[in-house]
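Please construct the entire structure, taking both the sequences and the accompanying hints into account.
The listed protein sequences correspond, in order, to chains A and B. Residues 1 to 321, numbered by the working numbering, are exactly what the first sequence covers, in order. Residues 1 to 237, numbered by the working numbering, are exactly what the second sequence covers, in order.
Please keep in mind that the hints were generated in silico from the structure rather than gathered at the bench. It is possible that part of the hints are untrue.
Unchecked claim - Computed cross-link-like contacts, DSS-like style, restricted to lysine-lysine with a CA-CA straight-line distance of at most 25 Å: (1) K108/A - K227/B; (2) K124/B - K100/B; (3) K206/B - K108/A; (4) K227/B - K206/B.
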Amino acid sequence: MTPDEEGTARTSGNRGEMNGDARVLEVVGISKRYGDLVALENLTFEVRAGELFGFVGRNGAGKTTTMRIALGVLAPDAGVVRWLGVPLTFEARRRIGYMPEERGLYPKMHVAEQLAYLGELHGMTGAEAREAALGWLDRFGLADRRDADLQALSLGNQQRVQLAAALVFGPDVLMLDEPFAGLDPVAVDVMAGVLRERAEAGVPVIFSSHELELVERLCDRVGIIDHGRMVACGTVDELRAGGQERRWIDVPGAPAEWEAGVPGVRLVQADGTRRLFELDPGVDDQSLLQAALATGPVREFERVEPTLGELFRTVLEEAAA
Amino acid sequence: MNARSFSLGGTRRLPTTFLVARREVRMRLRSRVFIGGTIVMAVLVVVGIVAASLLAGRTTPVRVGFSGGSQALEPSFTASAAALGANVTVSDIADVTAGKAQVTAGTLDVLVTGSSTAPTAVAKEAIPSSVESALSLAAEAARLSDAGLSPAAITSAMALVPVQLLQPPNPKDNENLFASLALGILLWIALGQYGNMVAQGVVEEKATRIMEILLATIQPSRLLAGKVIGIGLVGLL
Numbered sequence: 001m002t003p004d005e006e007g008t009a010r011t012s013g014n015r016g017e018m019n020g021d022a023r024v025l026e027v028v029g030i031s032k033r034y035g036d037l038v039a040l041e042n043l044t045f046e047v048r049a050g051e052l053f054g055f056v057g058r059n060g061a062g063k064t065t066t067m068r069i070a071l072g073v074l075a076p077d078a079g080v081v082r083w084l085g086v087p088l089t090f091e092a093r094r095r096i097g098y099m100p101e102e103r104g105l106y107p108k109m110h111v112a113e114q115l116a117y118l119g120e121l122h123g124m125t126g127a128e129a130r131e132a133a134l135g136w137l138d139r140f141g142l143a144d145r146r147d148a149d150l151q152a153l154s155l156g157n158q159q160r161v162q163l164a165a166a167l168v169f170g171p172d173v174l175m176l177d178e179p180f181a182g183l184d185p186v187a188v189d190v191m192a193g194v195l196r197e198r199a200e201a202g203v204p205v206i207f208s209s210h211e212l213e214l215v216e217r218l219c220d221r222v223g224i225i226d227h228g229r230m231v232a233c234g235t236v237d238e239l240r241a242g243g244q245e246r247r248w249i250d251v252p253g254a255p256a257e258w259e260a261g262v263p264g265v266r267l268v269q270a271d272g273t274r275r276l277f278e279l280d281p282g283v284d285d286q287s288l289l290q291a292a293l294a295t296g297p298v299r300e301f302e303r304v305e306p307t308l309g310e311l312f313r314t315v316l317e318e319a320a321a
Numbered sequence: 001m002n003a004r005s006f007s008l009g010g011t012r013r014l015p016t017t018f019l020v021a022r023r024e025v026r027m028r029l030r031s032r033v034f035i036g037g038t039i040v041m042a043v044l045v046v047v048g049i050v051a052a053s054l055l056a057g058r059t060t061p062v063r064v065g066f067s068g069g070s071q072a073l074e075p076s077f078t079a080s081a082a083a084l085g086a087n088v089t090v091s092d093i094a095d096v097t098a099g100k101a102q103v104t105a106g107t108l109d110v111l112v113t114g115s116s117t118a119p120t121a122v123a124k125e126a127i128p129s130s131v132e133s134a135l136s137l138a139a140e141a142a143r144l145s146d147a148g149l150s151p152a153a154i155t156s157a158m159a160l161v162p163v164q165l166l167q168p169p170n171p172k173d174n175e176n177l178f179a180s181l182a183l184g185i186l187l188w189i190a191l192g193q194y195g196n197m198v199a200q201g202v203v204e205e206k207a208t209r210i211m212e213i214l215l216a217t218i219q220p221s222r223l224l225a226g227k228v229i230g231i232g233l234v235g236l237l
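Listed below in structure tokens is the structure:
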């Protein structure tokens, strides 16, 4: 969790300046249309310093469009993106590290030289850029490939170089579109470690991913986007708070439908003698436990937290309804 | 090989246009296609110059064969040809039919038949005008000699009019014209090639999809300017 627990407990509507650290990337009410297609509609969220923000949604939900607008590569039809409280300037955009979904670097340029070039374009001196490039290659285990053409590297290694390209100039904000796609588990761990480390260094990190388990494990806050609208935004716990409570309970000696007398409880699933119940809001799970104990010994009583994947499906179903 | 250029990292922040141009120059100077193309071009230029000078310096003599009575014209024909500046070799042909066959085959350029006072010139397609004039002069001299004039009188009667040139042409003019034409063609090819290079280079960022990263850090106009300058500098080489 973020060191700023108070900050993470807020909802997305709050202003960043109220937070201790004023380094907040705010996306406020952006809309974008392509002809008749509404790509984004009044999308608002913010990412604070030191925060890992996971951006999830189905294909075509608007994640990439949002990132492109936040980066200034694309202009929104309405809304504004603010950094440090003011609309994003070209100079501020130069300080954003970006990893596009469509990976792209010069295939015939040497790896280290390419990273150093990007570093210099972002305003580093030649010596600084070279040092940073070699440092990141070392970090990603590519030090021995520094003088290889990018196209000579495996796809996974090319992706590491792509991430290094976003990191090489020490960005103020990191924006990564599907950074984990196509990586092996070891590379995923390395990349997750780097993102965590950058966030802890005070950099707001935004990334999109379809790997919900990873997002749940890694992110301080999550935004779920659907059809260009932010349908849920907050910590995973906050997203859970709106959902139904579930309990696994195992009472081997109990008669059938022993729970019938407990109000607000619904059987969801049975697995041998184990039962999964869903509790209506406000129902005390202890009343279920007492009813179970009254029928015999209870071998198992477990609170089930919905995974981000389950929350994601629930939220999308609600949004569709 | 880039270890050296790569280590040239300085301590100054450089303008983005310069950085882009520098990358273009470095990448192109390193590319095998560019190095190969430039070497081929250089070889073509050298070969062209050598061939041009060889061709310009060479004039093949006109081979003239005399048969029968016309053989008496040989000394005066040679002298007249020399006076007219024609490069000729003279030979005796015993048989007119064989001589015509040689002309047809191309081993002889002109066959002179008939008597010394009424010769006939046989050629395949055309007879060089200087050779025709020399032959006419030789035949005329023979007719005058036949009419009883002394050799001294003939020489004075047939003396060529001296010509004084105020601006004599440079014998190298033709050579220069050829060389400049060849150079022009090579330059045209080279310019076309580098124009094409600029066109391809400009779409490179789009094709390799690096554009999305670059656009966030450099204005498109500066990127374009850097590319055109870089490729242009390489094109000048």
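Against the structure, the hints:
{"no.": "1", "hint": "K108/A - K227/B", "verdict": "holds, 16 Å"}
{"no.": "2", "hint": "K124/B - K100/B", "verdict": "holds, 9 Å"}
{"no.": "3", "hint": "K206/B - K108/A", "verdict": "holds, 15 Å"}
{"no.": "4", "hint": "K227/B - K206/B", "verdict": "holds, 13 Å"}
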